[in-house]
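Protein chains: 4
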Amino acid sequence: MQRIALVGAGFIGTVHAANLAAHPGVQFDLVYDVDEHRAGDVARRHGAVAVTDVEQIYDPDRVDAVLVASSTDTHAEHLRRAADAGVAVLCEKPIDRELDRAADTVAYVRARQVPAMMAFNRRFDRDYAELKATVDSGAVGEVALIQLTSRGPELPPLDYLRVSGGQMRDQAVHFFDLARWISGADVVAVFATGSALAEPRIAEFGDTDIAAVTLRLATGALVQIDTSRRTGYGYDERIEVLGSNGMVEAHRHRAGAVIRYTIGRAIEKGMHPGWFERIKPTYAATLDHFVDALDTGEPPSPSLDDGLRAQAIAEAAARSLTSGRSEPVQYPGA
Amino acid sequence: MQRIALVGAGFIGTVHAANLAAHPGVQFDLVYDVDEHRAGDVARRHGAVAVTDVEQIYDPDRVDAVLVASSTDTHAEHLRRAADAGVAVLCEKPIDRELDRAADTVAYVRARQVPAMMAFNRRFDRDYAELKATVDSGAVGEVALIQLTSRGPELPPLDYLRVSGGQMRDQAVHFFDLARWISGADVVAVFATGSALAEPRIAEFGDTDIAAVTLRLATGALVQIDTSRRTGYGYDERIEVLGSNGMVEAHRHRAGAVIRYTIGRAIEKGMHPGWFERIKPTYAATLDHFVDALDTGEPPSPSLDDGLRAQAIAEAAARSLTSGRSEPVQYPGA
Amino acid sequence: MQRIALVGAGFIGTVHAANLAAHPGVQFDLVYDVDEHRAGDVARRHGAVAVTDVEQIYDPDRVDAVLVASSTDTHAEHLRRAADAGVAVLCEKPIDRELDRAADTVAYVRARQVPAMMAFNRRFDRDYAELKATVDSGAVGEVALIQLTSRGPELPPLDYLRVSGGQMRDQAVHFFDLARWISGADVVAVFATGSALAEPRIAEFGDTDIAAVTLRLATGALVQIDTSRRTGYGYDERIEVLGSNGMVEAHRHRAGAVIRYTIGRAIEKGMHPGWFERIKPTYAATLDHFVDALDTGEPPSPSLDDGLRAQAIAEAAARSLTSGRSEPVQYPGA
Amino acid sequence: MQRIALVGAGFIGTVHAANLAAHPGVQFDLVYDVDEHRAGDVARRHGAVAVTDVEQIYDPDRVDAVLVASSTDTHAEHLRRAADAGVAVLCEKPIDRELDRAADTVAYVRARQVPAMMAFNRRFDRDYAELKATVDSGAVGEVALIQLTSRGPELPPLDYLRVSGGQMRDQAVHFFDLARWISGADVVAVFATGSALAEPRIAEFGDTDIAAVTLRLATGALVQIDTSRRTGYGYDERIEVLGSNGMVEAHRHRAGAVIRYTIGRAIEKGMHPGWFERIKPTYAATLDHFVDALDTGEPPSPSLDDGLRAQAIAEAAARSLTSGRSEPVQYPGA
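Chains as they are written, first to last, in UniProt numbering: chain S, 1 to 334; chain R, 1 to 334; chain L, 1 to 334; chain Z, 1 to 334.
These are calculated hints, taken from the structure and not from any lab test. Since we're looking at a predicted model, the values are computed, not measured. Just so you know, not all the hints are guaranteed correct.
Since the list gives no way to pick out one identical chain from another, each pair is judged satisfied if it fits inside one copy or across any two copies.
[Unchecked claim] Each computed SDA-like pair below joins lysine to any residue, with the alpha-carbon atoms no more than 25 Å apart:
1) Lys269 / Ser137
2) Lys280 / Asp41
3) Lys269 / Pro24
4) Lys280 / Ile263
5) Lys269 / Asn245
6) Lys280 / Gln56
7) Lys280 / Glu268
8) Lys269 / Asp41
9) Lys269 / Gly138
10) Lys269 / Glu130
11) Lys269 / Ala133
12) Lys269 / Gly141
13) Lys269 / Leu99
14) Lys269 / Ala139
15) Lys269 / Trp181
16) Lys280 / Ala21
17) Lys269 / Arg254
18) Lys269 / Ala85
19) Lys269 / Glu142
20) Lys269 / Pro281
21) Lys280 / Gly256
Sequences are here, hints too, so could you generate the full structure?
This is the structure we're talking about:
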């Protein structure tokens, strides 16, 4: 039984809380949030205790691990606290908005040797995991090209976008991680181009709402990512891997199985309305993996270093957006 | 908040227990089972109390409703107890193996006016509910033909089959209910023919493991049901409704979204391995409806009478299996 | 090179004419029709000659085979003429409206040993041929249940229906043949029930426009056929074969590959508008097989006997429509 | 009736010949090829005459139009001959391997005002035409992103690739045209990156066998093209258009409709083996459009200028492959 505390009781925090409470291998006792009310609500719903002093969380006598789902600017601090306390940590992305500070944090945690895992939950999507297993089995041969589609239904509020770090760091970063993970190869160069078509005002702070990104892998294989903030038809994700002797895809999901036939038309169910409906089961699966790793003593994966590398790709992509050329990826400390 | 007690802590009882515990509008305090151990296990898992005296369940000061998931031969008794105690009841099918006794039970409960609902959970399947709404909207015109497929992956044990009441009463009865519900019309005649192909020994006690059933509705519309105990490829359900100006189907489910392409072939995910993976979400949805009905004071649906009518169709189907002719359906008390 | 003459220059005659003209192994010189104009038009389009005396067709010095696509009541006569002349014959169904006369005709042709083939063209549908090959390979085990759907888009004119022989003999007969062919087993009993929902007036002459038919095979396997004269959404055919360890289906065709996604909906292409768009390629494939058989000296298949047997099933189905019971199939001469 | 002569009797010439012969609005009398035997074979098969002197083709007393399907290096010459003779022309791509010479040729033909059309046959694919109509209808809003997939089954012979002009000019050019046509916008910049993964030797002459291309349109919309010479699973094409309020796709084709279900798997038909099986019907549809244009006097489309513009994009793409940056597209004469 792993005693896991929760840091952060916002929307994603409540999702994690429900999974912690329902997990048969987890004892979920403590919740912390800067907003005491939010922490208290979450604690009450699941029979846990809300603590007001963050030190109570990082108490190795009471907790084995911490799940960090607090606001982005506090991730690095909580990672360091966990390292200092010698408790394991499962952390939402990113490690830190600044790549250098993120790299320092990873080095700090690594030196203290606590088990640490990035919550890149899409790796634990049932279909993506099967796609990855298919690629690893050699059934499609050597990876030649990966296509990733990541499209959100509606533009987030302008206030959010202004501080989000931009489409590459905020939205595409999950798919940079998927590209590395699926191919098992590092990214050597990135080309990105984008536009502000849904909301021209975001161009004022240098952001895009639609972008086409091309990654070149060390093997010579290529990756195409298309990413959009606004579809008009719901949330849309898909992955396709072309190999040297076959192809495998995880196709877009439909939100139901009903088809109506009329003259000339078959009207089927469309996409899920939002990202949460689509990827909700991945949160529990991510937690499962983390708990299994703690139980067996295996290092959990993806590691903080994976988080750092995805972030380094996002930095190169952001540079390419303005340079108009393929940019080399520089991995910190590599 | 509805205080709902659980009667029966077998496999389906544990499914109901988890849903009762997770439902925000339900207070789940009491569990009863003839096997005290089973009751205790379920109670412990969800912070409820196992009672050993069934009278403690039927106490209107402590419970508002009872969910009956005990063995088939005790359903009628629990329905009567609930009626006597004046508590609402959600009951697994059938009411009673004997149609006459079932009819008496329904009359008994009706006279005491407690809210009572049959747990025909397939009505609450997301896709079937949408299919029904499409039919009701008039989008496909008047119902002309319904096709229902119900195929289990593997033959249940012979010992179970021997006491199951036969394929019509045990397996097809859910689909007899769906046919009535979707069409909004009663069944006037049934033709059924079947074989024992997977297990010839079940022919010795007059049962079938594969059957083709044809229902004729009062409107002249037709229903085809194919039902099999053993597929060799997993659990398979589908429904198709042909109307006077269109068609709507709830197609078979696939257990994932990954496709591998090789020379000449696209290898996709197949069916769910068993019925439970396929219809698991319907149990929570059935409970939702029951709680909503209690909250609003509306009569819950499907009613016990719906249960009785599905059973009457099963009786006629069983007669047809041996008579070789279309048999009229006699509804008790109608 | 086979010299094949065409008898009948109506709509299907023109389809056959184009295929005869395009076939590299066929010399297409002669056309006959009771309507000289129609014969002349077809002949001109393909560089053939229209003959006015039917005797000129049955001249073994000029023709090796005759393709009979004339009106139903003349099929038997042309079959006998071909037999007398010693030329091969490919004949549209039925052999004769009356089963006894059909049986006499088959015996007559058989005695004279000319190669003769029924144009049950659905056997040559690309998908159905692959489905049959899959069944024959044993990949789904022993056949347990076959589902056949046959639905036309619009009710034919009442004047046609009045002389068509009824839905069993006119529409379902193709699917009776498919059931025998796919299963490799003969039909021992038939239950059929139907209604006149699209056009109540056809009930006056004992016909149906929607019917559910159940066949029992000699092996104990079952066949369900649903057949409708009017769908409101185009032409719809599909086949599904459940075996003892798997299932194979030839799914309904869509008329295109374009999907539009909007909020909650994916709007796809529907069915083909009519039967001809769906099964057009089967005519050329049927002719291919006939020509191959003539070239190699193998007996062409399906035989006239296959035609007779499908017709005998239709007779039993028609009896069942009024008797309300499962009717045994009596094969003439068997 | 348009009298159309054929220039070129290679593989594609024979496809065009069959379509010319079968077209009810075309009189197909003359064939020319540098190889008299090939011309003779084609002529014989369709009742036409093979001419040995190319001048006989460009005789306005005998022909209204010429279909040019000869070897690439002779296209420009035949376009000029047609212009001189005042006969219309339907020409396979490209106009000329050299963009400047191609531009001169277009100017030459334009000055003489003969109807001239590029045989970009994918515009006439049934699904692509419907996708284009959907976009034009406004049903998905303003075009934001187009995804095009173009993947051949097997690497062509090295000798062919050496003189093909490279993957951008030879394979991707069709999709550059589709991007312009679907969006109705011109391409302003191109980024391309590629590798020689299937056949490293082609890197020696600067070619790629897999490439990812990103186009930026004048509207700010983006286009992603992935193109591969070798899939290992057959021929694969698809198009997806994301608009400001919806999406439309023309999905990949399957070569049949049969599905076999086994434990955990649904084994479906895969892709067509080669490009010809997939796009065969587009040749007849292209000819239809050309003949319609001649009949009505409307200018046929796509024009030679469309051919020139697709070629200019290919030139920029080829430059980008080596420069590693987004290259502006320079349209000749624009």
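Evaluation of the provided hints:
Taking the shortest Cα distances, lysine 269 and serine 137 sit within 25 Å of each other only across copies (17 Å), while inside one copy they are farther apart (33 Å). Taking CA atoms no more than 25 Å apart as the test, lysine 280 paired with aspartate 41 passes inside one copy only; the shortest distance there is 21 Å, against 29 Å between copies. For a Cα distance limit of 25 Å, the shortest separation of lysine 269 from proline 24 qualifies neither inside one copy, at 35 Å, nor across copies, at 29 Å. Taking CA atoms no more than 25 Å apart as the test, lysine 280 paired with isoleucine 263 passes between copies only; the shortest distance there is 20 Å, against 36 Å inside one copy.
Taking the closest pair of Cα atoms, lysine 269 and asparagine 245 come within 25 Å of each other only across two copies (17 Å); inside a single copy the shortest separation is 33 Å, beyond that limit. In this assembly of identical chains, lysine 280 and glutamine 56 lie within 25 Å of each other by CA distance neither inside one copy nor across copies; the values are 30 Å within and 40 Å between. In the homo-oligomer, the alpha carbons of lysine 280 and glutamate 268 lie at most 25 Å apart both inside one protomer (22 Å) and across protomers (23 Å), since each shortest distance falls under that limit. When the C-alpha separation of lysine 269 and aspartate 41 is checked against a cutoff of 25 Å, the pair qualifies neither within a copy, at 36 Å, nor between copies, at 41 Å.
Taking the shortest Cα distances, lysine 269 and glycine 138 sit within 25 Å of each other only across copies (18 Å), while inside one copy they are farther apart (34 Å). Taking CA atoms no more than 25 Å apart as the test, lysine 269 paired with glutamate 130 passes in both settings, with 24 Å inside one copy and 10 Å between copies. Only between protomers do lysine 269 and alanine 133 lie at most 25 Å apart by alpha-carbon distance; the minimum there is 14 Å, versus 29 Å within a single protomer. Only between protomers do lysine 269 and glycine 141 lie at most 25 Å apart by alpha-carbon distance; the minimum there is 20 Å, versus 34 Å within a single protomer.
Taking the shortest Cα distances, lysine 269 and leucine 99 never come within 25 Å of each other, neither inside one copy (41 Å) nor across copies (40 Å). Proximity of lysine 269 to alanine 139 under the C-alpha cut-off of 25 Å is restricted to the inter-copy arrangement: shortest distance 15 Å between copies versus 31 Å within a copy. For a Cα distance limit of 25 Å, the shortest separation of lysine 269 from tryptophan 181 across copies, 22 Å, qualifies, whereas the shortest one inside one copy, 31 Å, does not. Proximity of lysine 280 and alanine 21 under a CA criterion of 25 Å is satisfied in both settings, with 16 Å inside one chain copy and 21 Å between copies.
Taking the closest pair of Cα atoms, lysine 269 and arginine 254 come within 25 Å of each other both inside a single copy (6 Å) and across two copies (15 Å). Taking identical chains as interchangeable, the C-alpha atoms of lysine 269 and alanine 85 are never at most 25 Å apart, the minima being 49 Å within one chain and 45 Å between chains. Taking CA atoms no more than 25 Å apart as the test, lysine 269 paired with glutamate 142 passes between copies only; the shortest distance there is 22 Å, against 35 Å inside one copy. In the homo-oligomer, the alpha carbons of lysine 269 and proline 281 lie at most 25 Å apart both inside one protomer (20 Å) and across protomers (18 Å), since each shortest distance falls under that limit.
Taking identical chains as interchangeable, the C-alpha atoms of lysine 280 and glycine 256 lie at most 25 Å apart whether they share a chain (16 Å) or sit on different chains (15 Å).
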